[in-house]
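K.L.:
Protein chains in written order, with this note's numbering: chain S, 1 to 469; chain U, 1 to 202.
By construction, these hints were calculated from the structure, which means they are not laboratory data.
Hints are supplied without guarantee of correctness; some may be wrong.
Result set (DSS-like, lysine-lysine): computed pairs, CA atoms no more than 30 Å apart in a straight line [what the hints assert, rightly or not]:
(1) U/Lys31 / S/Lys93
(2) U/Lys131 / S/Lys166
(3) U/Lys35 / S/Lys313
(4) S/Lys52 / U/Lys53
(5) U/Lys131 / U/Lys147
(6) S/Lys249 / S/Lys93
(7) U/Lys147 / S/Lys164
(8) U/Lys2 / S/Lys164
(9) U/Lys54 / S/Lys52
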Amino acid sequence: MVGQQTLFQKIWDRHLVAQPAGRSPIIYIDLHLVHEVTSPQAFDGLRAAGRKVRRPTRTVATVDHNVPTEPRGTPITDLIAARQIAALQQNCKEFGIQLFDMDSPEQGIVHVIGPELGLTQPGMTIVCGDSHTSTHGAFGALAFGIGTSEVEHVLATQCLAQQKPKTMKIDVRGRLADGVTAKDLALGIIGQIGTDGATGHVIEYAGPAVRALSMEGRMTLCNMSIEAGARAGMVAPDETTISYLKGKKFAPTGKAWEQAVAYWRSLPSDGGAQFDKVVEIDAAQLCPFVTWGTNPGMVAPVTGRVPGMNGLKEAERRATELALQYMGLEPGRKIEDINIDRVFIGSCTNSRIEDLRAAARVAKGHHVSTKVRAMVVPGSQAVKRAAEQEGLHRIFQDAGFEWRESGCSMCLGMNPDILQPGERCASTSNRNFEGRQGRGGRTHLVSPMMAAAAAIAGHFTDIRNWKFE
Amino acid sequence: MKPFTVHRGRVAPLDRVNVDTDQIIPKQFLKRIEKTGFGQFLFNDWRFSNEGKKNPEFVLNEPRYEGATLLVAGKNFGCGSSREHAVWALADFGFRAVISSSFADIFSNNSTKNGFLTVVLREEEVAILMKRAFEIDDYQITVDLEKCEVRDDQGFRANFAIDSFVRHCLLNGLDDIGLTLQHAAEIDEFERLHPMPFASQA
């Protein structure tokens, strides 16, 4: 239908600054999030070219990837990591950028603090030198990851030259059963469409099962969009979004709030809007998932088995063989028979208060298996404080989980939290790539409830049969 | 940025699909604050053992592929993390381009900013190049961005598509920040019409 627009198209059109003939369109970036790992070379580039940061007030920085999760104040023993953190401090000072530093009560994973501070808002364009920037799409923002050259581009111009992506609608019918979470929905989708199933596309997640998700659930879902190859993932804003944002530190107030809400309500895709691709998912068919291989598309139901090679094409067969060899698994092994050594509950995928509540509910009254070391890493200082006010830390500690300081931690092991070679981990993070959590480490992606249950059982177990206290 | 026009060089075959950026440059090497010197860490966990010894089975350690400047790989190359360090490592190691049937979006974007080419050919064409790189000693091909063509001395010839603006920037080694800054007046105007969406910072 003519004139019927998608959520993506509305945001894209509103942010078009120029469309030079024969060149990529230039779009304006409302919010630029910065962290220590992908920014130092961008600031160097500015200095070398004698450029300034165009809009320091639209740029917000924090330290997350490298920070140790031991009690704050413990010196950073990794001198190269310390140097990278110091470089961000120096760059923020020199260019006038707000930094939520190690000792800040607002420090946290960049994709956790943006939303909880109310910096992330519907209808915005948001970028960060991090692929999981797709998280912010949960608010109905167009949010995507960029490389360091583009970080420099945004710092210098507050714009990006971008080829327009295609659109994909993922329509999730029905409702998720108890024990089946946004993480399982994300893994189920990637298992179905593949790790390159959405390459070149911006996904809009729609349908009753998505509408029923909390903001935390929507963030988990959008976070994993990049694991399906998508440029971004989005959920249209609604009352859930608006009530989440109300009263947040940087959310508009008074008349500005009313105007913002009116804009946000105009954003959802129009009824007849066309997408380049449509995928339908039946929520009732989903169950708790566990990845068995070395990419997030290699998933099986917790009640299932490690798949065999039958019917696979040559390239996939070889990929499966290599993955199973790395993971130390053989076809036909029951997922519930896989024993684990470590558990990581955290990361920009699953470290928010709701994730910790869900894991604590499972842990309550139980104890971590004697063969397992389990850690809980809140996504931010604010999440940590909220959890402690609710007494979640006591539940975890009583059950034998370590309760740590906020950061990216063992999702990618840039800080001291890493797996040893051969160690097998149930992880609530987003990538099970070879060596991601430490060289030779074997990662299985699961939901927070499934991770907590695995910590206690010592192996994967179906959360739908769990005895909650 | 170093322009890319026509390049002829030795081909190394990396016969794996979904090669992610964690493999191209593992995270322990992302802490450097420079853009240079990443080549020594390229594919570190595949190239070297835990003790730092060369893995003789990894293709880039085979003497016959020494000095290769073109990498042929399976589909969805460069998926995962946005780290531009992956491109810096490939370029610093000596590669000028990767040829595959598909690339992850962010990796492709990062490549073009560094004068590094991602060439998309059809799966069956990639398979031919892969096979020849395994079978023919000192197998060389030409990647011609002017003609958008890949060819070898054995009669292989295939065209590839690339965004015309990206191609223009690569051919001329253009810095696209400078190009965007030519639109400063339009950016000013945009900002005048769209005020800051944030509450004043406390």
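K.L.:
Run the structure past the numbered hints and jot down the numbers of the failing ones, going up.
P.N.:
Of the numbered hints, 2, 3, 4, 9 do not hold.
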